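J.: With the numbering used here as the guide, the letters of the sequence shown map in order to residues 2 to 257.
The hints are simulated quantities; they were obtained by calculation from the structure and are not laboratory data.
What you are looking at is a predicted structure, and each value in this text was computed from that prediction instead of being measured.
It is possible that part of the hints are untrue.
[What the hints assert, rightly or not] Derived Cβ-Cβ restraints for the label pairs, each shown as a range: (1) VAL49 to GLY102: 20 to 28 angstroms; (2) ASN150 to ARG88: 34 to 42 angstroms; (3) LEU135 to ALA35: 35 to 43 angstroms.
All residues carry an ideal CB built from backbone N, CA and C; glycine is no exception.
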Amino acid sequence: MRRLAIEAGAKIMEIYNSDDFDVKVKSDDSPVTAADEAADAIISAGLVDVFPDVMLVTEEQADSHAKKGDTFLIVDPLDGTKEFIHRRGDFTVNIAYVENGVPQRGVVYAPAKERMFFTQADGQAVEETGDFALDTIGKTTPINVADSNNAGLFIVASKSHRDQATDDYINKYNVKDMKSAGSSLKFCLIATGEADIYPRVGRTMEWDTAAGHAVLLGAGGNVVRFDDHSPLTYGKEDFANPFFIAYAPNVELKEA
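Construct the complete structure from the given sequences, taking the supplied hints into account.
T.: Below is the structure:
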């Protein structure tokens, strides 16, 4: 999964650094580029080759969205397409393995920011630094959530999807600082202790969140539904998520 993320990331950066690329609009009005499609082809082929018996769900293959199951691989080959189009760099490659509704393994690779996060076989989340060689894992550092102080929390929120409902909920907390980030990097910022909480009051799909969710779980964090604070699970109808909150466990969650 790590190697495929790096291969896909290289292709994405090749298109990102080109003079021009086409942007199309999908049926749900979301944008898609040649980079999304090229990365999806690389990752899908690689996963099917190694895990032929595991159900595969990927954002860019609509026929996969009708599959049913609670154990599967799930891919967003380019999360943060708007960030990519505007050349803001906050986009990621997301690959995750979900077992019994829980994301157990995840890779989040941000090629433009040269940041790589993944879960090891023992479940611990790490950040890799170095040159991201395909077949050799570089220096890895275990990552862990912050020992959050509820008197002053670091909040991370969406860069492209902020709204009044999100701000109203954030205002229930004592906020020390706020940062915005695109794509699944928001989960990773909590996993590394760079932020304490990420509330999402807006539409997301399971491929947007599974890899970041796995990384956060492996760093001691958690993701719950916004409405009742029960665990966010996977394999739901149409792979659509409810609103949710990702957080470090010392954060005293406020009601919706």
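J.: Are the hints correct? Go through all of them and say.
T.: Hint by hint, here is what the structure shows:
For the pair VAL49 and GLY102, the beta carbons lie near 22 angstroms from each other, so the given range of 20 to 28 angstroms is met. Restraint check, ASN150 to ARG88: a C-beta distance of roughly 36 angstroms satisfies the suggested window 34 to 42 angstroms. Checked against the hint of 35 to 43 angstroms, the pair LEU135 and ALA35 fails, with Cβ atoms roughly 22 angstroms apart.
In terms of the numbered hints stated before, the structure departs from hint 3 and from no other.
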